[in-house]
Structure formats: C-alpha cells, structure tokens
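Use the sequences and the hints to build the structure in full.
Quick note, the sequences are listed as chains A and B, same order. Under our numbering, the first residue of the first sequence carries the number 1, and numbering increases by one thereafter. Under our numbering, the first residue of the second sequence carries the number 1, and numbering increases by one thereafter.
Just to be clear, a hint being listed does not mean it is correct.
Stated by the list, open to error - So, partial list: chain B residues that the calculated Cβ filter (under 7 Å) puts toward chain A:
1) Ser2
2) Arg3
3) Asn7
4) Ile8
5) Arg15
6) Arg41
7) Asp44
8) His45
9) Glu48
Keep in mind that the hints were calculated from the coordinates and are not lab data. Nothing here was measured: the structure is a model prediction, and the numbers come from that model. Each residue gets a CB set at the ideal place from its N, CA and C atoms; glycine is no exception.
Number of protein chains: 2
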Amino acid sequence: MSRLDINIRRLKAQRACLNQAAEAIRDLPGPIFELGLGNGRTYDHLREVLPGREIFVFDREVAAHPDCIPDQAHLFCGDFKDTLPTAAERFAGQVALVHADFGSANPARDARKAAFIAAYLPTILRPGGLVAADRDVAFVPSVALALPEDVAPGVYFLYRRADDGR
Amino acid sequence: MSRLDINIRRLKAQRACLNQAAEAIRDLPGPIFELGLGNGRTYDHLREVLPGREIFVFDREVAAHPDCIPDQAHLFCGDFKDTLPTAAERFAGQVALVHADFGSANPARDARKAAFIAAYLPTILRPGGLVAADRDVAFVPSVALALPEDVAPGVYFLYRRADDGR
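Have a look at this one:
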C-alpha cells in the first residue's frame, strides 16, 4: 500500500465512522467536541451531517480553510492539556460526541495523547455519548462499537460511554 | 458535499488516473516528472506502481515524509518557473509521464500555473507521453484521454502528446 492508498483508506474510514456516529447520536442531545481542527475537513463534515448541532473545536492553532473556522465562542485554542480540563469542567456529562483526530508518525506521543484524552472522556461524555478517534482512546466505562463495513480494525475507533452516569 | 467528501473524491480520482497512466506508459521508456512533491503521497504511489522507473521531483521546498524524499540527483528544488525550463532542456522529448498536482483555492493562480506547465509539455514529453494533473493543462498537440470510471469530469485531467515528434 502506498501512502496515497493509506490516506484514502484513512479518510474513508473516518467518514464512515463519523456518519455512523452522527446517526447514532441524532436523538441524543448535547454538543460535539472536535479535538484537532486541522484544515477543517471533518468539522465541515460534522456540521453537514448534524446541522444545527453545536460544535466546539480544540486545536493548538487555527490553520483551517477560512470557511471552516468556528466563531470564537466555539474555539478552544491551545494545547489539549490546558484546554480539555477547562472544557471538561464546563461541559461535564453533556457532550454527545467527541471526535479526536490527532494521530501522527510518532506512536509513543500518540499513545500519551490517547491516554490523556481517554482520561477525560468519562467526565465529558453524556451517558450513551460516543467517541470516534484515529487512535485507540478506550476508556472505562466504555464499550467498543462495531465499525462500519469496509473499515479495517485499527484504522479508526468507536466507543460509547457504557454507564448511566449515576 | 463536505470538504471531507471532496477530498476523498479528489484522492480517489488521483489514484485512479495515476494507475491508468502507469498502465498506459508501462512499455514507453523515459523518466517521470512529479511536479509538486507535497507530503510525498503520489511520489510514493508512482514508485510503487512503476518500480524501477526514474522519477524527478519538483517542488519549492521539501516538506515530505522522510521516506518519500528522492535523492538530490532527482530533486529540482525551487519555483517551477525556474526549474522547469532547465529540466525541459535536459530532458527534451524524453519524459514518459508528467504528474502535476498544484491546485489551490486560487483559480486565477492555478490557471496561470496550468498554462505555464502546458507550454513546456510538448518539449518535455516523449511522443505518446502522458500528463495527469489536478488542473487543466491541455496543450497543443494533445488528445484528452477518457478518464477512469468513477472519475467525474473536471476532478482530474489526462492528456497524451498526440504528434510523433517529427
């Protein structure tokens, strides 16, 4: 597989997982957290498949297409390590979907980021809320969801908060 | 269509066109010119589908994955405007395939680049040689090739040098 093949596989898996997650949370209230804006592609996709849903975006700096940048009120600019704890406090138990796209060529760094994000998911997510991610952010208590057809295991990850929040 | 959808469509079209072009030039000798290295995805794809074929890469600066960077002898670093005329002189009538991936969000700039590249194609390409591009680089004398199935018109472009070089 060339890097072109790998990238196409990754983006198709990402889209399939976001579509499945969007369908699953359609009747679950609460905002979406987008961890990693990048060029704004998945932000654009999420607002298209979940119109009207509030989306809060987290990134170190904003480098997206001008039409894929949320307003200041929906932007947490800075390191996840600083912004996620603040947001977790403000949105505790409210978030319907977290999408985390942060993978790099550095597996050790990615694993540390995944663990950091996973530690906040039980606080942030509403019971029944989902996380979709390009790295394994398994948390307790969660259940891994069946991936969409055509998504190879390990390319993308889907988990649902499994407890009832009591 | 979200920007994620558009990007997937673009990359799939790119891969389909490169695969078709690679098949078409399999028995046509001569190097490949890759105009725009970017992160090296299509360079990696080209060397995978055409193993052993010499590939010369052109880019303003090298920002690719470390394992997708050619050696110095195969790298033309700088503005196309400076490097392409030099390369055209050295490889006149020898190149089997030019891949040009240079589209941006600026249609006027892209059109100027397309015209600049198109002006050199009759010199660079060997008779029967192909160009695949993400913008329309139609040149004289060329014929537009039928695009692979599933590639929408205008997403990618394929032309063959139509004269016999005499």
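Practice task
Closer than 7 Å between Cβ atoms is the bar; does Asn7/B clear it against chain A? Give me holds or violated.
Solution key: 6 Å, holds
Practice task
Would you check whether Arg41/B satisfies its interface hint, that is, whether its CB is within less than 7 Å of any CB in chain A?
Solution key: 4 Å, holds
Handout entry: Satisfaction of the Asp44/B interface hint, Cβ to chain A closer than 7 Å
Key = 4 Å, holds
Exercise for the section: Closer than 7 Å between Cβ atoms is the bar; does Arg15/B clear it against chain A? Give me holds or violated. Expected result: Since chain A brings a Cβ to about 6 Å from Arg15/B, closer than 7 Å, the hint holds.
Problem - Status of the Arg3/B interface restraint (C-beta, 7 Å, chain A) - result: 4 Å, holds
Practice task
Double-check His45/B for me: the hint is only fine if its C-beta lies closer than 7 Å to a C-beta in chain A.
Solution key: 4 Å, holds
Handout entry: Ser2/B as an interface hint toward chain A, with CB separation required under 7 Å
Key = 4 Å, holds
Handout entry: Status of the Ile8/B interface restraint (C-beta, 7 Å, chain A)
Key = 5 Å, holds
Problem - Status of the hint placing Glu48/B at chain A (closest C-beta pair under 7 Å) - result: Because about 5 Å separates Glu48/B from the closest Cβ in chain A, which is inside the 7 Å limit, the hint holds.
Hint compliance for this structure: no hint is broken.
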